[in-house]
Amino acid sequence: MSLPLEPAVRDDWHVLCRLADLAAHVPAGFRLLAHDVWATRDAKGAVSVRSADGRALPVTLAYGHVFTSLGAPARPLFAIDEVAEPDRRLATCGAVRVRASGLRLVENFLDMAHFPFVHTDILGVEERPEVPRYDTEIRWDVDEVWATNCRFWQPLAAASSRGGQMSEYRYRVASPFNVMLYKTAPPDPARFDVIGLSIRAAEPDLSFAYAFLLLLDDATPATTLIHFQQTIFLQDRIILENQRPRLLPLSPKAETPTRADMSSVAYRRWLKAKGVRFGVFEAAP
Amino acid sequence: MTPSAAAAASPWWPVALAVDVPAGVAVPASLDGDDVVVWRTAKGELRIFADRCPHRGMRLSFGFVRDETLVCLYHGWRWRADGGCALIPAHPDLAPPPSLCVPSYPAAEADGLIWMAATIPGRPPPAMTGCTPLASLVVDRPAAVIAAAIAAAWGAMDGVCARLAEGDVVLRMAIQPVHAERTMLHVLLAEGDPLVAIGVAEAWRDRFEAAEPVP
Ligand code: FES
Ligand SMILES: [Fe+2]
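Which chain is which? The protein sequence lines are U and V, in order.
Counting in our numbering, the first sequence runs from 233 upward without gaps.
Counting in our numbering, the second sequence runs from 480 upward without gaps.
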């Protein structure tokens, strides 16, 4: 049997699936935090989620996905204000299965330094690998981690790009397994596209990544947007499944960060302070 | 033969055929569950490193060789043949600290085989003089089972090496325990026709895979 879940993870909101993936009246089973849960959608679109022992679990439908919790969330699901803007489009990308800790996935999402090497000629070019200094903070009042003033040269920043741009990013870790970024929108550089990544941590070392986009781009077909995001994510998966250990070490000595990893350092420190253990590598005593 | 028992006979373990690691190439290997990357610089210097980048743990065997360095696939950090870090691309102006390095293992090449040791050995790896490397064959059985089968069929092993004569063919084999359930047989031809010899080696591989567990 696994250890009881720590409150920071048990009482948090976790993505279960896309709303569109639930057929009416057909219960669907999911693995979440090493537990089995069942989700059912009725004819009116309302979703109920139950644990294996029959408990009704909290449900929030947002950003095209079903979110639930194995415990009692102390606060509502993270809010993304941009979702209310009338010219935003929502696109959901579906699940990508990754044999790695969900915490490693979040950290990869926060990382700009890999763009030229993993997403070569899309999100970065080998000739311009520099990560300029950016700011990181743990916002204890809202219990989130932010990285701001991030800049990176990108040859093809989004499916709608016409050429290279100096992209500006803001990263926001809203909870240990939910992260999003705000990025210069190619059609309107004064505003930001939002890309969310919510992870269903099925087991400590097995994750399902659900990405969603809240974009200003109204011309590019949804399939192109989703395909672009899939291409990026499949490139990341090669990395994620081959990091050792598969679980995320929190000890500052386990790996060697540099200045570009300030967001990852803050994320690890915050996870440690919150007492997160699911998906964390514990060195043998 | 347990790895520690054989280590007493020779501190060297075979990890690859030399032809499978040409200059400018990096390949993964495992010894007793430890993952390593076997690679050569563009000039052909042979190195064996732990298969884990010190930065964020990426397997270095997924990387590539550029000039005299091994480049990690994840963030492009470059590792010199001495294990030290030559470049962190995200901060091109920053000189990587000398303390930043990848753990490495003693490596040696002899008679077409690449050998590795856990600590610096006092003697060279076993000689296979006059042999031609043929193939590396995977067997999904523990090394101890194979060692016992070899001893029963061909007589006692010499450390991690064995010799077999069958018909006109004489084979040498060096045995690499990959992990608890997998062994690699590195096969060299001492005498005979290579095409016949490879058939003989594969027949033995199949017999080893069917061998009874060691009581
Ligand atoms: S993990 Fe190797 S360079 Fe980052
Ligand atoms: Fe990536």
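Worth flagging that the hints you see were computed from the coordinates, not collected in a lab.
Heads up, the beta-carbon is just placed ideally off N, CA and C, and yes, glycines get one too.
Don't take each hint at face value.
[To be verified] Output of the computed footprint for chain V on chain U, the stretches with three or more beta carbons under 8 Å from beta carbons of chain V:
| # | stretch |
| --- | --- |
| 1 | 352-364 |
| 2 | 454-467 |
[Stated by the list, open to error] Not everything, but these chain V residues come out facing chain U in the computed CB check (under 7 Å):
| # | residue |
| --- | --- |
| 3 | His534 |
| 4 | Met537 |
| 5 | Tyr553 |
| 6 | His554 |
| 7 | Gly563 |
| 8 | Ile567 |
Hints, one by one, checked against the model:
For the stretch 352-364 of chain U, the assignment as covered by chain V holds, since 4 residues bring a beta-carbon within under 8 Å of that chain's beta-carbons and 3 suffice. Coverage of the stretch 454-467 of chain U by chain V is violated [criterion: at least 3 residues with CB-CB distance below 8 Å; count 0]. The closest approach between the C-beta of histidine 534 of chain V and any C-beta of chain U is roughly 5 Å, which is under the 7 Å cut-off, so the hint is satisfied. With its C-beta approaching chain U no nearer than about 5 Å, methionine 537 of chain V sits inside the 7 Å limit, and its interface hint holds.
The restraint placing tyrosine 553 of chain V at the interface with chain U holds, with a minimum CB-CB distance near 5 Å, inside the 7 Å limit. With a least beta-carbon distance of about 5 Å to chain U, the hint placing histidine 554 of chain V at the interface is held under the 7 Å criterion. Taking 7 Å as the C-beta contact cut-off toward chain U, the hint placing glycine 563 of chain V at the interface is violated, the least distance being around 13 Å. The interface hint given for isoleucine 567 of chain V holds, since its Cβ lies 6 Å from the closest Cβ of chain U, which is under the 7 Å cut-off.
When held up to the earlier numbered hints, the structure conflicts with 2 and 7 and fits the remainder.
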